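Asker: One letter stands for each residue in the lines below.
Number of protein chains: 2
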Amino acid sequence: MIKSVLIGILCGAAVLTAGILIGHYGIDKSSDSAPTWVKDLSKDVDENLLEDLLSELDNKRIEENLRELTKVPHLATTAGDEQTVQLMLNRWRDPETGLDQAWREEYMVYLSFPDPDKPNKVTVVSPSNGVLHTVIEKEKAYTPDQENPAVVQPYACYSPAGQVQGKLVYANYGRASDYQDLSQRVPLKNTIAITKSGGTGRADKAIDAAPYGILGVLVYTDPSDINDGFMSDANETYPHSWYMPPSGVERGAYASTYGDLLTPYLAAKEETYRIPLKDITGIPPIPIQPIGFEDAYMLICELGGEAAPAKWQGGFNCTYNYGGPGFRPSSAFNNSDVKLDIFNYGEVKNSSNVMGVIRGAVEPDRYVIYGNHRDSWVHGAIDPSSGTSVMLELTRVLGKMVKQGKWRPRRSIIFGSWGAEEFGLIGSSEYTEQYFTKLSERTVAYINVDIAVQGNASLQAAGMPSLQNVIFKAAKQVKAPGLDSMSVYDKWIRYSNRTSPVYGLIPSLRYLTGAGSDYAPFVHYLGITSLDISYTFDRTKTSARIYPAYHTAYDTFDYSSKFIDPGFYTHQAVGKTAGSVLVRLADSLLLPMNCSDYAESLEASLDEALSQFENPLLAMNISMEPIKHAVASFRSASNHLEQVIRSSDLANETPLKLRTINDQLMLLDRAFLNPVTLGKFRHVIWAPIQITTRTFPGLSDAYAGAMSSGKASAWAQVHLLVSVMSQVIEGAAHMLRDVI
Amino acid sequence: MIKSVLIGILCGAAVLTAGILIGHYGIDKSSDSAPTWVKDLSKDVDENLLEDLLSELDNKRIEENLRELTKVPHLATTAGDEQTVQLMLNRWRDPETGLDQAWREEYMVYLSFPDPDKPNKVTVVSPSNGVLHTVIEKEKAYTPDQENPAVVQPYACYSPAGQVQGKLVYANYGRASDYQDLSQRVPLKNTIAITKSGGTGRADKAIDAAPYGILGVLVYTDPSDINDGFMSDANETYPHSWYMPPSGVERGAYASTYGDLLTPYLAAKEETYRIPLKDITGIPPIPIQPIGFEDAYMLICELGGEAAPAKWQGGFNCTYNYGGPGFRPSSAFNNSDVKLDIFNYGEVKNSSNVMGVIRGAVEPDRYVIYGNHRDSWVHGAIDPSSGTSVMLELTRVLGKMVKQGKWRPRRSIIFGSWGAEEFGLIGSSEYTEQYFTKLSERTVAYINVDIAVQGNASLQAAGMPSLQNVIFKAAKQVKAPGLDSMSVYDKWIRYSNRTSPVYGLIPSLRYLTGAGSDYAPFVHYLGITSLDISYTFDRTKTSARIYPAYHTAYDTFDYSSKFIDPGFYTHQAVGKTAGSVLVRLADSLLLPMNCSDYAESLEASLDEALSQFENPLLAMNISMEPIKHAVASFRSASNHLEQVIRSSDLANETPLKLRTINDQLMLLDRAFLNPVTLGKFRHVIWAPIQITTRTFPGLSDAYAGAMSSGKASAWAQVHLLVSVMSQVIEGAAHMLRDVI
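Residue numbers (my numbering), protein chains in the order written: chain L, -16 to 723; chain E, -16 to 723.
These are calculated hints, taken from the structure and not from any lab test. Incorrect hints may appear among the rest.
One copy or two, either will do: identical chains are not told apart, so a pair holds if it fits within one copy or between any two.
The list that follows gives simulated cross-link-like pairs (lysine to aspartate or glutamate, EDC-like), each with its CA atoms no further than 20 Å apart [stated by the list, open to error]:
1. K172 / D187
2. K43 / E253
3. K332 / E88
4. K456 / E583
5. K640 / D348
6. K694 / D262
7. K22 / E636
8. K640 / D23
9. K123 / E277
10. K104 / E88
11. K22 / D632
12. K640 / D27
13. K252 / E608
14. K611 / E254
15. K462 / D521
16. K252 / E88
17. K462 / E289
18. K26 / E636
19. K611 / E253
Note that the structure is predicted; figures quoted are calculated from it, not measured.
Sequences and hints are given; from them, build the entire structure.
Answerer: Have a look at this one:
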């Protein structure tokens, strides 16, 4: 009996179990069962996969990429440039390690070149027209690289052609104030000015000279600004060290704006309307030419006239005089002129961007864009190929994971290899102009890695404050190059830091105020949150304002592998850091963009602005209360949004709630665009950048302008800017508030 | 045994059943069970609920709303205006039928008024300074409404004050070409011109007169343009009919742009920077004053000089002469001047928008905006209170359903009761300026119902072609006023139709090219898809260009209820039609915005443009191929998107796919904004509107300008516009393509 009861119970239990199993698995919960996409929508960054991915980034492959990229000079639109186009396309179309798609996009853009048949000349000519000195035309060769016939003669891109001659004067950095000071001492009409690199925009050195009747301008890089004073190529400069050789010349675009100069605000397609050449603004009105410091030394040390003040002196072992104008009577050049024969010509040429994409799995209409330019002045091993060699390794690793089916990002990733950046960020600008609305509406962030490595001391990052958190996270995740005990973050915080009221001591994320690389059209034209990442040298050990081979024929694989990053461990670290930021932006459920860090930055800028000019403005009846109110609104709105985020279970609530919050974060910077003035510098928090201050640059510029001119119209401009700034900051706050 | 076996089987079956039930209901399928939000996300328009909702809209309540709204004149910023602010707030805050939230938003805006203490005067003065005739200062009273002391004297808003006198000339409609023609016949220096209403912008009649030395301008509405020639108030005009009485005067804003004139592109807050008055552009440089046709008759029929050509003649029973200049010798006014004493003054005053919202349940960050202005020139029974009385009934019905918990829209609905529209769309403009980014990024569509009813013949709708389908659907759903057998759509297609290559004969949806009401800042400044809805009279039965009481003191409840819509059934039909559009835009799973209808419209515009000016442009070396290519791109992209939509099961696929497509549709019009020029007319497909053509108005204007001036710079402008248009249309096509 007990047995049959036991059997009965066991049977009953078995039947019950069977029933339970059938009930649970066998019958579909019809309307209750979750659609398959529910899980995908709530997937966050996979930290293990990210670690695997970063560990795949190989320094040797980066080194090989760089060697390949720098075999020949690849000045925009030349045959060397086309080789790099093909290289990018081949890599990004590789069936095993390529991207989902890759293609080229072409633009017809206005460029400026020296004439290979009539090289630019700078000479000292005696009153009897004898040539007493000729500035060397090409940089001296120390390796076969410099002997490559494709090395472009040093020139000032967009300088007009022209033959001018006159007595030489020395104008320090060629700033407006320098010419103003100089004009008090020396009659400037019909002179040639020699100026030092830096201190102001390249084109400004000619633009601000012309009103004084100066006929032409020379530019050179003073050894005290770039070489810690070292001048001798016998044992001091490259190839003995990273310092610039005496004949080295920094090339560059001499233009005040960016993008194709003939098609402002429009993509430069073949059929696009072009403004007349005479309507181009912001380029030199008079010939200007850069020269090496060995020739500058010959000229400056022979100058007559009074001694220039201490601040104007430089690295040469002579006194820098103003010029009589002209050379001193005791000089062999006495009574001689300096003559510029400039044969630059403009040409509309076909420049390509190479584009590649990885399609997003969940939100394909959200783009994270990662880019760098491809063109260089000469071989460009550091600028830009350090960035490109890193990008190629990153796309190889990501592409492989995609091809193997191991990973697909939540959002789409777009890679851009921009053309003709050296001529004024042209490829990236045309891209933003062509796809204006699409990019404005869908881009989460832009990451720029141009000069990836110009030293091995520390990460140097610049970007919107909302990205501070994600770059910190990435930097903590990556070991500092060559060190096992320290992270990139640890080195960074030692090298450059600040005290945040919220976080205490943290690395200093710089501001993207300038237009130094391809982030500019994204930041200043589209209002897209951006980040620029590089590794730099120790500024306590050198006063060089940039690596000394910058824009010269010495920026080669040889230079980089010997003096910048032997072993390419720093390139690798930059790749890992940038890769981590990229994947976090692409994969995070909640966008890693922190609006309260933006608030902290606005508050700091406001404090600085108040201390600098609240009282002077009040004296002109301009109140800064509206900006104070706006910044407080922004703070309260960002606190509120963060509270909403903290109190939400975003992985489990409706995916539209997450999308709403992500859109608020993504579109925040769009609200900062100036609605009152068109222009290529419309982000009112970071542009324009006439003066270097840590506070609202547009307003600071206007204030400085009004203080110096005293004009009512200039003060009206300040007042207008106070209104613009307060209204755009309020507008940004509206983006963060509850959406209805 | 059988029994016990049976019992055993039964027990076993019971246990199995219990197991199945436990398994199915008792055990959570954990990760497999659908979150509660899955169902909400896929809800579409509930057609039954929509029918219920529309059937609630009550003509009697609309009538009572109108009576309440028009008790006193409610010129912007006056006490009468404030009464309507309170009325709106009370209704929208009603605990049983109000909205989720309602509030006022205030702006300090620059307005222009006549001086009540020194009324504007127009007189005929003899050479000895005797006053021979004085134009009547206020419109004649036929009902107590006109006797209200708050009726503002007829004036030309933004005309400068000034005393001017001179010989009278007749200048037809005061178009630039009219003055040009007239100047060939009569010396115009120091004259006063009398002009007919219409034909050009109000301000242009003075702006285009000034260069000829004309000192002042009069404007009147010719009986042939508004009254089918009827002139007598003994038995022909109001209160005997809807026709304008002889002393009736159309008031209006005399400004060429819209929005507060002192704070372009910025919200006119108290602290906002204001431009100097002298920098205002687009307003009359010389005094201008509107007068009734009884006075115009006295003046025009006395004019000397040659007879004006047939096209210049009007409804008076005399020949319209040019003027000698001045009156004919046989006139009692011989040798007399006409004198204008204008005392208008400008003042910055506080104007309010009243805002109300219904929060969206699923996509609260998507806005459907429905609005109308609240201010009127006098009582404004038709303009704008017909629209406001309908809006109040619509918000009552929707609000009640929300308060009762029966309905909440998928997207948020924002209602706007705009201030100071009559002074230049000021309230709506300031709103778009204040919330620029937020509205740009989140607004699905704007619906404007201003003059809801000015007749009972037919619906008249204007809007972007993408909304054609939804307004058709709504119009089919609603019975034509007073008819059981015909829908609003049926009457519309009889009244105004066109043959579409796709649909055959359909009602003609007009284009929103102008700036006639508050849709303009949404369309032309923000690029938001918009629709303007009204009911109009039968234009085969009258040549009136608008209802004759427009902007006069006769636009009253009495007038509307007797001559426009007795019984208020037409108001009701407009409310139902607009309500259906509103709910469909707010509730549809897939936004009811059809991109291929946009493509059809672009193709029609292109065909027209090609036939009008492809050859003349080719002769100037300007190819229209880029626009052809762009329109073809747009067509192919829109076909593709529709194919994607057709092949998708949007209710069951990931909600982010639906959101992506809806964003593509929502943001389409943003891509049409001109990136090259700032301005209040930036939508290149619909603006600006100098000439009335069915094709790309900006390009047509530029072409007409180049043809008339022949200048190279004017042809360059045409070429630039070809590039702008082709690139924005390509940009719009990019928005419709696969997102990556």
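Asker: Now tell me if each hint is right for this structure.
Answerer: Going down the list of hints, with the structure as the test:
no.	hint	verdict
1	K172 / D187	within (18 Å within a copy, 50 Å between copies)
2	K43 / E253	neither (41 Å within a copy, 63 Å between copies)
3	K332 / E88	within (13 Å within a copy, 53 Å between copies)
4	K456 / E583	within (19 Å within a copy, 51 Å between copies)
5	K640 / D348	both (17 Å within a copy, 9 Å between copies)
6	K694 / D262	between (27 Å within a copy, 17 Å between copies)
7	K22 / E636	both (12 Å within a copy, 13 Å between copies)
8	K640 / D23	both (16 Å within a copy, 13 Å between copies)
9	K123 / E277	within (11 Å within a copy, 92 Å between copies)
10	K104 / E88	neither (36 Å within a copy, 67 Å between copies)
11	K22 / D632	both (14 Å within a copy, 19 Å between copies)
12	K640 / D27	both (15 Å within a copy, 19 Å between copies)
13	K252 / E608	between (46 Å within a copy, 13 Å between copies)
14	K611 / E254	between (48 Å within a copy, 12 Å between copies)
15	K462 / D521	within (18 Å within a copy, 79 Å between copies)
16	K252 / E88	within (10 Å within a copy, 45 Å between copies)
17	K462 / E289	neither (55 Å within a copy, 94 Å between copies)
18	K26 / E636	both (13 Å within a copy, 17 Å between copies)
19	K611 / E253	between (48 Å within a copy, 15 Å between copies)
Figure legend: structure checked against the earlier numbered hints; hints not met, in rising order: 2, 10 and 17.
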